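Please model the complete structure; the sequences and the hints are all you need to start from.
Taken in order, these protein sequences are the chains called R and X.
Counting from 583, one number per residue, gives the positions in the first sequence under the working numbering.
Counting from 292, one number per residue, gives the positions in the second sequence under the working numbering.
Read the hints as simulated data drawn from the structure, not as lab findings.
Note that the structure is a prediction, hence the values are computed from the model and not measured.
Glycine included, C-beta positions come from ideal geometry on N, C-alpha and C.
Hints may be right or wrong, so weigh each one.
Unchecked claim - Think about it this way: if two alpha-carbon atoms lie no more than 27 Å apart in a straight line, the pair counts; the simulated DSS-like pairs of lysine-lysine are: (1) X/608 / R/595; (2) X/607 / R/598; (3) X/406 / X/351; (4) R/620 / X/563; (5) X/437 / X/374; (6) X/585 / R/638; (7) X/539 / R/620; (8) X/351 / R/695; (9) R/598 / R/638; (10) R/638 / X/607; (11) R/638 / X/563.
What the hints assert, rightly or not - Here are a few chain R residues that sit away from chain X, every Cβ distance over 10 Å (derived from the structure): (12) 648; (13) 683; (14) 738.
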Amino acid sequence: MKTYARESAADRKWLKRFYIMLFAVMAFTGFGQMPIFKRYYIADVPGLGWSADYYKTHYIHYVGAALLLGLLAYWMVDYLLTGRREFRLTGSAYVRIALLAGIVITGIFRVLKNLPDVVFSPGFTMFIDIAHLGFMMVYLMAALIFLIFRSGWTQGIDD
Amino acid sequence: MTTSISRRTFLKGGLAAAGAIAASSLPLPAAVKGETGQELATLIDIRKCIGCEACVEACKEANAAKFPEPEKPFPKMYPSRVKVSDWSDKREVMDRLTPYNWVFIQEARVTVNGKEETYTFPRRCMHCQNPPCADLCPWGAARKLKNGITRIDADICLGGAKCEKVCPWHIPQRQTGVGLYLDILPGLAGNGVMYKCDRCYNRLEAGNLPACIEVCPENVQKIGPRNEIIKEAHAIAKEINGYIYGEKENGGTNTIYVSPVPFKDLNRAIEKGPGRPHLKPVSDAMAHADNLAKAMVIAPIAGIAAAAGKFYAASKKRGQHEEGRK
Chain R
583 MKTYARESAA DRKWLKRFYI MLFAVMAFTG FGQMPIFKRY YIADVPGLGW
633 SADYYKTHYI HYVGAALLLG LLAYWMVDYL LTGRREFRLT GSAYVRIALL
683 AGIVITGIFR VLKNLPDVVF SPGFTMFIDI AHLGFMMVYL MAALIFLIFR
733 SGWTQGIDD
Chain X
292 MTTSISRRTF LKGGLAAAGA IAASSLPLPA AVKGETGQEL ATLIDIRKCI
342 GCEACVEACK EANAAKFPEP EKPFPKMYPS RVKVSDWSDK REVMDRLTPY
392 NWVFIQEARV TVNGKEETYT FPRRCMHCQN PPCADLCPWG AARKLKNGIT
442 RIDADICLGG AKCEKVCPWH IPQRQTGVGL YLDILPGLAG NGVMYKCDRC
492 YNRLEAGNLP ACIEVCPENV QKIGPRNEII KEAHAIAKEI NGYIYGEKEN
542 GGTNTIYVSP VPFKDLNRAI EKGPGRPHLK PVSDAMAHAD NLAKAMVIAP
592 IAGIAAAAGK FYAASKKRGQ HEEGRK
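Structure below.
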């Protein structure tokens, strides 16, 4: 049994690294949707010229969103099938999950908004646009606080 | 003081008044008023335009209350590379798009069958069916309305000019020193408000035609449900062996031009640059978003399948392991 748990733990470590990297890309390309990268010289950094091109950052953000949705779906089902027998989610994990749900749901509505023939009311359009950014900002702040207090996502079942 | 009336001014005044009387006496169908929530499009038959600029003047007059009244001096913006866009002292400019001029007349001198001909036609926002300015606006300040209008809300816009950059025709124009950014961090974020044609959304709501359409003495423009406008545009194009612009550009717009001359010839002949849009073919700027949206549906299914597959493999392995121990 321990062998499987060890394999699972190794998988999770690799996936966690991938998640952090993916989240960094999503945050960067997400903030790049605001007209700030050119103004604040970020696009002048060698190799980052593309970051001032809204279509490029948007494309990368969409590809990242697809990967993130795949990863979150994988984790959710994996937790329900096997993970919950091996570890417990911490309180900070639940806070992260709630904020992630906010990011994902508002993100889905933003994707729907961008489809042809989908028109939301002006008020709702503004709400989802600002809420998507708001959830992300709160998530980043929460992640920083949890990092300072060393509060991870999981704890062992016997802890 | 002597007053001289040129032929152009006479035509402009007289014909505009006649056009206005003719148009205002017509009852507006419910669909045109935007009451049905149907997507409306405009048809611009460039053969009819005489370049009198009555539409330009009518637009300025009808939308004067929406024009920016910036506070001066402008707050200093950082870093210093951020440029001020100030049109408040050049409000009279009529030969390009500005925050105070939402439609202008473009002129093209082309040679048709060895004969030089001049065509004029109004240019303004195309009101795309899937507008990238509204899709990509980070604040929801630019948005598409159900009746096919793309509108920028001047009370929300921060003037980042992203809409101008992502617009295939670079239509929206910025005025510094006005809008919400002044109340947030004027030195560090935002730079005014973006302005463009809103197809007189308020006049449509009140049951009136957009000012440029109502005043036109030559009935160059027409507004109606998009499918009807497209049908009419094709009928005219067939009749004159002509060309259509705006039906498929950027995935489809709600401004349909019909011309007896190919648009590539007109595009070559018009003056292009800031505030003076081209007439080139435009592919759908948001096509990538439509395609990747499909990937976003598939990705979670793949994730669920991978987790279930892993669980199944582990269960099988565990079963074999326990079998071996027996």
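Each hint tested on the structure:
no.: 1; hint: X/608 / R/595; result: 22 Å, holds
no.: 2; hint: X/607 / R/598; result: 26 Å, holds
no.: 3; hint: X/406 / X/351; result: 35 Å, violated
no.: 4; hint: R/620 / X/563; result: 25 Å, holds
no.: 5; hint: X/437 / X/374; result: 35 Å, violated
no.: 6; hint: X/585 / R/638; result: 18 Å, holds
no.: 7; hint: X/539 / R/620; result: 32 Å, violated
no.: 8; hint: X/351 / R/695; result: 32 Å, violated
no.: 9; hint: R/598 / R/638; result: 26 Å, holds
no.: 10; hint: R/638 / X/607; result: 44 Å, violated
no.: 11; hint: R/638 / X/563; result: 25 Å, holds
no.: 12; hint: 648; result: 4 Å, violated
no.: 13; hint: 683; result: 13 Å, holds
no.: 14; hint: 738; result: 19 Å, holds
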